[in-house]
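Line by line, the protein sequences give chains W and R.
Its first residue numbered 1, the first sequence is counted upward by one per residue in the working numbering.
Its first residue numbered 1001, the second sequence is counted upward by one per residue in the working numbering.
Everything labelled a hint here was simulated from the structure, so no lab data went into it.
You can take every hint at face value.
Sample of chain R residues lacking proximity to chain W, with all beta carbon distances greater than 12 Å (derived):
#1 Lys1017
#2 Glu1020
#3 Phe1070
#4 Gly1132
#5 Glu1133
#6 Glu1147
No farther apart than 27 Å at their CA atoms in a straight line, the calculated lysine-lysine pairs in the DSSO-like style are these:
#7 W:Lys99 <-> R:Lys1044
#8 R:Lys1106 <-> W:Lys31
#9 W:Lys100 <-> R:Lys1106
Just so you know, these numbers come straight off a predicted model, no measurement behind them.
By construction, the Cβ of each residue, glycine as well, lies at the ideal position given by its N, Cα and C atoms.
Here are the chains, one letter per residue:
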Amino acid sequence: MTAGTLLLRQIHPSFLQEGRVTSQAFRPPPKDQGQLSVDNADRIAASLTWQRFTRDARNSSDGVMAILSEECDMQQVPVVEHGTPYLEHCYLDFSAFKKKEIERKAKRLSSLATARGGILQASSDTGFDRQAI
Amino acid sequence: MIAVQGIIKRDRSGRPKSFESVEHITQLDPLDVETRLGEVAGLKSGWLNGEGLALDPVGLRTLAEDFERFFDAELPLPHLYPTAEGGIQAEWTILGWELSLEIDLKARTATYQALHLASDTCEDSEFELWKGEPEWGRLNDALRKLEGSKIA
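Could you put together the complete structure from these sequences and hints?
Structure below.
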C-alpha cells in the first residue's frame, strides 16, 4: 500500500439522502470495536468489491466511496492491511479515540471522499455508473 | 415530491385504490422531515448489514412533530439518517461547517457537533429536546450563528 492507495467503503442505502452521504459511513459501527472495514483498490476493482459485498443477502450497498491512505494518515487513523477474510480487506483503526474525536475524524474523511467525487453508484445495467475509480 | 390531500376510495382489503376528489396538491421540500422520518420508520431490526436497531415509531412521530413546532422554518432543513443504535442523525453543511445532531428518540436528547473543516474549530454541545421550545431555541440559535459566521 502507498500513500496514494484508494480505500473503498461500501455505502448503505439508508446512509444516502438526496445525493448526500452521512458522515456515519466513515465511523466504525458499534459491533466492530473501533474498526471500519475498507477494501484496498490497488488489489480489487470497485465494481468487484461491491458485487462481492452484496452477494451476502444481509448486506446492502448503493455503491462505494473512496479515501486515500494518506488522508487517513493525516487524521492519525492507522490503516491495517488485515487480509482476512479476503486478501484486499483492510480496516481503519479508530480504537484509540473517544467518541467525539471519532465523530470529528468521520466528518473530515466523509468530506474528503465527497470532494473526490462522491459515491460511485451501483447500477443494474453496468455494475457502476462511473468507472473512474 | 408532492403531497396530495383529498378523498380516496379503498379496495376490499382497505388499501387506497384511487382518488375520489383532490383538494390540495403541495410541492414538498426534497428534505421534508416528516416524509424522511416516515421512510426510515420502515427499517427492520438488522437493517444495517445484519446489525442496526429498528427505530421507535412513537419517537419518530414525536420528533416530526417537534421539528414542525419548534425548528425555525427560516433555517435550512437537515439531511436525516438512521443510526445503528436506533436513533436519528441530522446533518447540515453550512458555510464550511459540518454539523451533526445525534438524536436519541426515546430519551429525546441530542448530541451536537459542529466542525469547521478549514480552521479545525469544533463546538460540541448537548440538547435536552424533551424540554421543548427553550432547547430547540438553543439549537436554532446555534445554527443561526453558523449561518452568519465568517471563519475563513
